[in-house]
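The listed protein sequences derive, respectively, from chains W and C.
The first sequence begins at 11 in the numbering used here and counts up one residue at a time.
The second sequence begins at 11 in the numbering used here and counts up one residue at a time.
The hints are simulated quantities; they were obtained by calculation from the structure and are not laboratory data.
It is possible that some hints are incorrect.
Since the list gives no way to pick out one identical chain from another, each pair is judged satisfied if it fits inside one copy or across any two copies.
Below are the BS3-like pairs computed for lysine-lysine, each with C-alpha atoms no more than 30 angstroms apart in a straight line [as the list claims (entries may be wrong)]:
hint, residue 1, residue 2
1, K283, K58
2, K86, K275
3, K256, K89
4, K86, K271
5, K147, K256
6, K86, K344
7, K147, K271
Number of protein chains: 2
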Amino acid sequence: MKRFITLFAALLICVVTFAQQALWGNTQIVSPDIHENNTVTFRLKAPKAIRVQITGDFLTVQKTGKFEGPRIADLKEGKDGVWEYTTPEPLEPELYSYSFIVDGMRMHDPANVYLIRDVATLTNVFIIGGGRADLYKVNKVPHGTVSRVWYNSPSLDMERRMTVYTPAGYETSGKRYPVFYLLHGMGGDEEAWISLGRTSQILDNLIAQGKAKPMIVVMTNGNAVQEAAPGESSLGMVPPTMRLPKSMEGSFEQAFPDVVKFVDKNYRTVKSKSGRAIAGLSMGGFHSLHISKQYPDMFDYVGLFSAAIFPNENATSPVYQDLEGKLKIQFAKKPALYWIAIGETDFLYKANEDFRKLLDGKGYKYTYYETGEGHIWKNWRIYLAEFAPMLFK
Amino acid sequence: MKRFITLFAALLICVVTFAQQALWGNTQIVSPDIHENNTVTFRLKAPKAIRVQITGDFLTVQKTGKFEGPRIADLKEGKDGVWEYTTPEPLEPELYSYSFIVDGMRMHDPANVYLIRDVATLTNVFIIGGGRADLYKVNKVPHGTVSRVWYNSPSLDMERRMTVYTPAGYETSGKRYPVFYLLHGMGGDEEAWISLGRTSQILDNLIAQGKAKPMIVVMTNGNAVQEAAPGESSLGMVPPTMRLPKSMEGSFEQAFPDVVKFVDKNYRTVKSKSGRAIAGLSMGGFHSLHISKQYPDMFDYVGLFSAAIFPNENATSPVYQDLEGKLKIQFAKKPALYWIAIGETDFLYKANEDFRKLLDGKGYKYTYYETGEGHIWKNWRIYLAEFAPMLFK
């Protein structure tokens, strides 16, 4: 039979429409360019630009107790209109975010397809490996399964979406697994922990190293008015917003048994308090606090990561009534771990301090973990990596 | 107990680092702004720009049989440096992609967080609903589960990643389900069909309408050298590329039984030919053709979507030996459906025509479906929506 065209060549040439630009144009530019010594060069081809800047969390200082905002650095124009900025110092191991600002207009790095959404903002990301940041990388270890699953919540009268991590081997082991419920902060959703939080990478790596028990991790959507993350519900591709109603007024907390019931029905779980943990960041820490005391027989492990503590004074939900009485019941049942973590410059530091004083005053046992910096994902990834190994031991 | 700050307000004010910009800055700009009559306005705030353009597939013409590339349209500057472009005509129902070009530099729309990666290019997307495009939307119907799963491929000596759709009700029904293996094109990976292909939305909707049988859909990675999509393997966040070795030289096709074995072991499947379909686009159509004839007892339903047909003349894999002899065996076993679809301007049209002549010459039964336009995702979503309802009936 006659051979036709050299097919490879034909397919390569025939990249359709504007895909072509990036493939044959932008691949010249390497950005970010992570050097061996962990300095990083960022590049943008912008021949007509007057000024090109970069903003990113590796430039941020948050050391004074007050929010200072991101620093901005200038790129220098080199030949062919390619602008460059190289960090003056090697970067510490971490997952970093950045954007370019071209003549005052914020834009993504067209040479870097890796973007993560934080509420309504997409930013480019990259990882400097080494130390704890190796937990954030995909390594050659057995990988768990990550699923987007819909469940019915009768209490909220809604079908809702969650993200579920099942550890490597779950499908075939026949064993029962403990469950860690991991809750996002305000403006987040069921995508937050799996993307910015690097949950599946952290758990894959900790489990492979024998540092954490194999466990199921359930990442819910804590916005009681939302079926699912923006773009994933029948609302369509709406712009994400921080300003959702019913986020911290008790609805989500009251409906939480719907989640546990679904998980216990659909997964091979340890269906008891000793096999359940709950933790969350910021609003999710608030949810974890109030859910765990509302249902004191449900969770043996509780983690408050940079948590909001006290409800809004307008919040009238029964969930928030009699905080002290409910804590008394919860702590009388001796949770296996009650873990409070916060950064030293966090705007919620004072509230956490007050909460700890309350617990101290009653003699309730908890573990406290303090880090530098404030209300940022860097800390929440650290807290997850610290908290998960203590569970279900 | 003392109430502290009004927590809502505090959390809202304390959005950290550069998230703030997008939240309080960009939310003024609505883009894309889809009007009631399905015209669309795009807006970009770029006070210092000299020229702002838009490129997108809704501007593309591909009607002459030759690739013409994307049209580009100019935005007009209005007040406060906000540039605008409104489509002169209402857009047909479809999922569209676009980017801005600011003074020659391609960038995303900062007001639109919805981006899809096609090989190495990220573009903004939006959907004009109505007609078939309603299948591409998330509607209020029961939703299947979408999982990223790792499997072992002994033939390739690798752990590999796949995307698996299980239909609503799978977890609790106790039933066995047929499996549809759906393969991507060159430069794609296990993310292509679920993102650009809208597979989970199309299947959710077709199943809810009673038009397709509940089925499992397995979306593999057809690049035999890759463990997983870029960013999802131990290679780290490398730039995606079209130019992968071992894409169409037989390795993936030969190793395909590893996939079927894993799926049959880990899911409640119909473990027989009548319960299996295979289809793919472009290179994935090529894979489907060669896998289905190599393993003639494996698949009862075969779909070639804008398929590459004939192997590169340098490809020496035994998979490609004796095409006609293997087709004879395959068609002697009377596949329930052998479906060939292509667009009239596709650069693979001639190869498909030649292949159909070959099949016609032998009297092998197949179904042919021709659409307008060419080698584009619009067609592949149409083919999926046409093909899935014919399966497992």
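Among the hints numbered above, which are violated by the structure, and what are their numbers in rising order? 1, 2, 3, 4, 6
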